[in-house]
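Protein chains: 4
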Amino acid sequence: MATSSVSEVVQAEGHLIDSQLLNAIFDKVIERNGKFEVLHFDIGRTNDEFSKLTLKVSVENESALGDLLEELMPLGCYAKPESDLKITPAEADACVPDDFYSTTNHRTYVKYEGMWIEVESQRMDAVIVVADGRASCKKLRDVRRGDRIVCGVSGIKISPEFRERDRLGFAFMMNDVSSERRVEVSVSKVLAMLKQTKRDGGRVAFVAGPVVVHSGGSPYFADLIRQGFVDVILAGNALAVHDVELDLFGTSLGIDLEAGVAVEEGHKNHMRAINAINRVGGLRQAVDEGLLNSGIMFEAIRRDVNIVLAGSIRDDGPLPDTIMDLVQAQDRYADALRDVSMVVMLSSMLHSIGVGNMLPSSVRVVCVDINPAVVTKLADRGSSQTAGIVTDVGLFLHQLSMQLTGSSESANRERSEER
Amino acid sequence: MATSSVSEVVQAEGHLIDSQLLNAIFDKVIERNGKFEVLHFDIGRTNDEFSKLTLKVSVENESALGDLLEELMPLGCYAKPESDLKITPAEADACVPDDFYSTTNHRTYVKYEGMWIEVESQRMDAVIVVADGRASCKKLRDVRRGDRIVCGVSGIKISPEFRERDRLGFAFMMNDVSSERRVEVSVSKVLAMLKQTKRDGGRVAFVAGPVVVHSGGSPYFADLIRQGFVDVILAGNALAVHDVELDLFGTSLGIDLEAGVAVEEGHKNHMRAINAINRVGGLRQAVDEGLLNSGIMFEAIRRDVNIVLAGSIRDDGPLPDTIMDLVQAQDRYADALRDVSMVVMLSSMLHSIGVGNMLPSSVRVVCVDINPAVVTKLADRGSSQTAGIVTDVGLFLHQLSMQLTGSSESANRERSEER
Amino acid sequence: MATSSVSEVVQAEGHLIDSQLLNAIFDKVIERNGKFEVLHFDIGRTNDEFSKLTLKVSVENESALGDLLEELMPLGCYAKPESDLKITPAEADACVPDDFYSTTNHRTYVKYEGMWIEVESQRMDAVIVVADGRASCKKLRDVRRGDRIVCGVSGIKISPEFRERDRLGFAFMMNDVSSERRVEVSVSKVLAMLKQTKRDGGRVAFVAGPVVVHSGGSPYFADLIRQGFVDVILAGNALAVHDVELDLFGTSLGIDLEAGVAVEEGHKNHMRAINAINRVGGLRQAVDEGLLNSGIMFEAIRRDVNIVLAGSIRDDGPLPDTIMDLVQAQDRYADALRDVSMVVMLSSMLHSIGVGNMLPSSVRVVCVDINPAVVTKLADRGSSQTAGIVTDVGLFLHQLSMQLTGSSESANRERSEER
Amino acid sequence: MATSSVSEVVQAEGHLIDSQLLNAIFDKVIERNGKFEVLHFDIGRTNDEFSKLTLKVSVENESALGDLLEELMPLGCYAKPESDLKITPAEADACVPDDFYSTTNHRTYVKYEGMWIEVESQRMDAVIVVADGRASCKKLRDVRRGDRIVCGVSGIKISPEFRERDRLGFAFMMNDVSSERRVEVSVSKVLAMLKQTKRDGGRVAFVAGPVVVHSGGSPYFADLIRQGFVDVILAGNALAVHDVELDLFGTSLGIDLEAGVAVEEGHKNHMRAINAINRVGGLRQAVDEGLLNSGIMFEAIRRDVNIVLAGSIRDDGPLPDTIMDLVQAQDRYADALRDVSMVVMLSSMLHSIGVGNMLPSSVRVVCVDINPAVVTKLADRGSSQTAGIVTDVGLFLHQLSMQLTGSSESANRERSEER
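As you go down the protein sequences, you meet chains A, B, C and D in turn.
Residue numbers for the first sequence follow the working numbering, beginning at 4 and rising by one.
Residue numbers for the second sequence follow the working numbering, beginning at 4 and rising by one.
Residue numbers for the third sequence follow the working numbering, beginning at 4 and rising by one.
Residue numbers for the fourth sequence follow the working numbering, beginning at 4 and rising by one.
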């Protein structure tokens, strides 16, 4: 281990034990060949109390110390709380100074003119721009020459999301990713979360891949929409095309979903579905004109769900509704996610990663996929917020709909009994 | 390509096109650097008619020709139909001559004293022993010094199982292994096969891994047993222990299957379950004494299902019922499979491979696993007989039970309406 | 089975046995509840000779017959060879008549004014437009009002790609998708295909995902480029960003590829890499100005490889080089693939599916991924053209580079010995 | 949350932060609907110092308190350190009292006659038997009537293995299970661990599945054996049969490992290999008589590696060396593992789970498999001791052998330069 010669004192407070932050802080120091000394540690005596840490970290030289401090920040550590931000103007559009501060998805505060202010539109992999006494996240591509960019590490404090121990069993699902689980239990927990979120006035976004249709999940997803659990649908062109194909022809990629046999070679129904929508000008027109009469898009359009379809390199068509300019699509996704408090990801790695990149860490995420590697990958991107369920997505939606119906039937019964 | 200088004429007949045998025969010749010439080919004019092939194959030398003829045999080709078998006595217990004939899982005939006789107890990777004018498969380890072993390739004719095109949609399921399928359709096809098999007086074996219990499938599997669809259960120690643990304590490996939370560290309930069964002497005693009151083992014992539990290196306990001598366990498995006409494999690669090795190719197999690699591996071992379903096994059984109940309710309704 | 009352005679010729077309034709008739009668079948007597089929198919009614004939077409069957095409003008931009003919990826001929002409720019899920005595595939979105669209099934003949038995062992790899294989053998076959393709003057496209960089494959992929085996790179923004990050900072998503430890939280190097390229204006400028000095993009730009980077919803940045308008990106992909005769897909399901949609069936495809489900999915889309290898893509490229170096060393040695 | 009315004070000491024990302790209390109050917490000031905790836990009633205390024990918490053990005699062979203490795989101490003594032969899912002033783990089946069994929770203290932060980068590998990694880095870390273990005089066991042979890993595994890195091989019958088949015939399950083509149908070489070994009486005789001349078994026998082959339900043969009595096989495995300090698991879920059950938590385990679900499952069983690598096992061994050869060449060079 290297001789440590420069040091700094950092502070952190919060649920440092529960969220495994304390462990992560120590790990990070050792990983960087540094040493630490706990100057002070007040442990939260009960589950509700905060812990407080004052830690001296030492590393070989100033450069390593700067790196270490930067890496301790996302864990909630901050040094020199008395210092103000460092701000440098952007030299050109989409270009920032080399020492720019790159954001995390955690709530962040910056010290500007002696005051801690919260950063707006928090998301990860952005820069912070200060203007008019306010600070907000901006994507690199949206930076304009002269924008005042937050640089370095002084005057920045991050408040990592704390993993909660006991709410709705969310933690349970996060414990591990395994297909050797009774899915009905996970389904009931997800349903409880959905209901709680709606009761709290929250909005729920679903990210859905075409497997939702192939695997027969459409009518059950449509149920969820009808019952008001879906405020936003973020998907690609394929989900909509398969959904339309199913309504118009009863097939999905040429497979008859009732009989289970391939109906046509060459995906002709797929192309016919696109042609039919092209002819009327779009999905909403297809609903208005009575062309489209069931399915995910039909229910979502009828209930004014905010649907954003983002294009991709694999798209057929695309439908007139699909946004093929991906800069615009990302912006539309981000807008749709702005006030969402829960996201359910159904078998769509691509769109789920895209959505994950845009979310602050306070949003609860449930990810359902039959491939454990996908669930692990998505959960890794924000481990304190994502619960993964490894199962068949069609059957998952079937179960969810059954439990939902069961509970609404019970609810109806209870209500009628009350009278 | 090598100069071909020796040749032989072979014949084959049957559904050579449907079963892709003709293609496989040609492939094999080319793969072995040989040439072929079709001397005669009569195509079956309709779906029911047989095709007949007479083919001249040529390869470089006699040794290569022998190898090629041997490899063409499992595809139904036979040469010199006038020749008798070559029989050589075994030199010692479990030892056979170098040119012994190693069996496939297809129906096989040998020409003995001028007559074609069918080989009994057909299974793959065995030798054929001739005694008292009868021929039968014997495992190498069961060969005794002096047994008359079939050697070489003369006088042997194999009748490969023909893939059927249109029965119960079995073919559909075999088309591909994908999780992007509507499982409800596969479930209804499996249910139809089960009913058809029982109507035809057939017996059904289930191979089941402990995931059946972990994933919450127990009550649904128990339904199947209660309704008479399960004649044989082939499993390991773990299935039984988890099943007992679930009945006695409501947990599976310490996970409470209702609440979904871990109940105990160290798998204590697992060990308590074994201890409880040890105390009464076995599973049947546990049922008789009222200790065990629900679950897979309970229902199976009450209905006299033939249960064989084979030990493995990973077993805790084991239960008194588990056969830890694997030679004996294999023999018991093989006995139980003797008159079975359908096998359903549920999330147990180990036992499923074991069972697959013992089955003749005429037995229909359905394999359900959430891991596509497992399904592919099992299907590869006998592609004309195995249909794979990639899905969550707990939800699969739930669906199967629901459709079963639905159909028995409909059946009841129909019956009562008839009156 | 339904009473069959209408019938039609169809013909087909080619390697009907080898390519399993004959079997597929019979299957299709039975699947559609039809009957068939083989009026005439001439089998190819040797591996090189064609077979010829004349088949009478019967189904219940005219509508079913039309459907059946349409489905038999991709299998090479054609009816009424004397009839001309049916052509109907497009009613509006991106809209075609309901009975439009939807293309496959197989070579296709249409009978126009009594002559069979080959359709140009063959790809699947397109329509055929006839103009100036020529026929060519057009994507639905490119159709303009008044374009003369091929409709129905008359006068269309498809020539399915024939699976070859014995060239370079390609068939071997296609036999099954399994991770239980000796990868070195597959590597040597892929290398042989690459060399053969280049010797024949062919062009090779690589589709590559960011896992190529994460898994340490960059220097080996760069070797392939340097040695002239890569003519086209089709990828997304992420591959390029990770590649630049690796060159500039030695990390990939913050993981130090030499030490294997995470260097930074929050993917800062990832964002710094984008910022650096933004500053100079693009990848080519980065090479020209000496900013970028190694890696995939560096080697590809120096050798004028045709690089197309398509945007996606998950992109950070994007780099100035990434095409975020996906209609344009698809067109650029299609252009780059126009004269390619071999494609290697490395760990990128999204871009690989996109590419697969654009390729005629005559192009050889090798797909490498550690996930068997991805390989199966890609292989399913064109089973006669795609070989799948389930392995670690970083180690695969390492092996490929080693065998390449070994063989160039041997070649050098041979050349020097010849002198 | 329930009203808490009974409470107890527990203590724990050690690297409570690093090993996430503190977090786990708090979690467990909340999960059980309890409350906690930290009475005292001394944090280790540096990486090397221990932390000390005194915690008051409260739950609803005595029964829940007993359960909670039992569950806190594996996390290192102990109550009433002044109390002695509770010991109850076994009522019958293989039967223990209902409140028996079921062991974990962590080092355990029991207070017997006022003294803390360490439990011998530590393993999980066993009971503790006290005899002659010593305590040791015994499998349930080995318990004899009258054995003095440790019951309840008093007088038992567990010392969980502490996760080390900085040794040989082991921690790095444990961070996540992903195929998106540069395997060369993991290989070099595994090699460093192997060398360190041998330098420290430790013994290394390899658990290996037949995929090692199929995937071409045999010669590289043989290298490791030759160089003295393998002290124990735990495997099944299949590994040995495939290994013999490869040496005698150059194939593995009929696949020619050089040419990559299938050589025979029906696995005949597989059966011929068994027959050949049967004839000479076993593997050692085959080496002695010059029948077997290369491969894993050959090298292992020549170097007196302790080989234990455990039978399974899927075995062909088996070889005379394979132990088909699984009780005996488990005992032989356990014996072979007694003084091992590192285990490498190569593509064998079954045998790896078996081995995992037998190991104390102080043994380092590396698990290599191409299926991420297998790696996750094995790592879950002892998260503080197992590092997982998701990659192709054949290529992994190839890399390991290359780095080993590279390093021995370097070592030789260094040695010769020293002279």
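These are calculated hints, taken from the structure and not from any lab test.
There's no promise every hint is true.
It does not matter which identical chain is used: a pair holds within one copy or between any two.
What the hints assert, rightly or not - Below, a list of computed lysine to aspartate or glutamate pairs in the DMTMM-like style, where the Cα atoms sit at most 25 Å apart:
id	residue 1	residue 2
1	LYS192	ASP250
2	LYS192	ASP30
3	LYS142	ASP250
4	LYS198	GLU34
5	LYS142	GLU73
6	LYS192	GLU34
7	LYS201	GLU116
8	LYS31	GLU73
9	LYS83	ASP334
10	LYS55	ASP102
11	LYS192	ASP259
12	LYS38	ASP259
13	LYS198	ASP259
14	LYS83	ASP30
15	LYS55	ASP45
16	LYS55	GLU40
17	LYS198	ASP328
18	LYS38	ASP135
19	LYS192	ASP96
20	LYS38	ASP51
21	LYS38	GLU52
22	LYS114	ASP135
Verification of the hints:
no., hint, in the structure
1, LYS192 <-> ASP250, "between (31 Å within a copy, 23 Å between copies)"
2, LYS192 <-> ASP30, "between (33 Å within a copy, 19 Å between copies)"
3, LYS142 <-> ASP250, "between (39 Å within a copy, 23 Å between copies)"
4, LYS198 <-> GLU34, "between (43 Å within a copy, 22 Å between copies)"
5, LYS142 <-> GLU73, "within (20 Å within a copy, 50 Å between copies)"
6, LYS192 <-> GLU34, "between (37 Å within a copy, 15 Å between copies)"
7, LYS201 <-> GLU116, "neither (39 Å within a copy, 60 Å between copies)"
8, LYS31 <-> GLU73, "within (11 Å within a copy, 33 Å between copies)"
9, LYS83 <-> ASP334, "neither (36 Å within a copy, 54 Å between copies)"
10, LYS55 <-> ASP102, "neither (29 Å within a copy, 41 Å between copies)"
11, LYS192 <-> ASP259, "between (32 Å within a copy, 14 Å between copies)"
12, LYS38 <-> ASP259, "between (64 Å within a copy, 21 Å between copies)"
13, LYS198 <-> ASP259, "between (34 Å within a copy, 23 Å between copies)"
14, LYS83 <-> ASP30, "within (22 Å within a copy, 33 Å between copies)"
15, LYS55 <-> ASP45, "both (5 Å within a copy, 13 Å between copies)"
16, LYS55 <-> GLU40, "both (14 Å within a copy, 16 Å between copies)"
17, LYS198 <-> ASP328, "neither (35 Å within a copy, 39 Å between copies)"
18, LYS38 <-> ASP135, "neither (41 Å within a copy, 47 Å between copies)"
19, LYS192 <-> ASP96, "neither (46 Å within a copy, 44 Å between copies)"
20, LYS38 <-> ASP51, "between (30 Å within a copy, 10 Å between copies)"
21, LYS38 <-> GLU52, "between (28 Å within a copy, 12 Å between copies)"
22, LYS114 <-> ASP135, "within (14 Å within a copy, 68 Å between copies)"
Consistency with the previously given hints fails for numbers 7, 9, 10, 17, 18, 19, ordered from lowest to highest.
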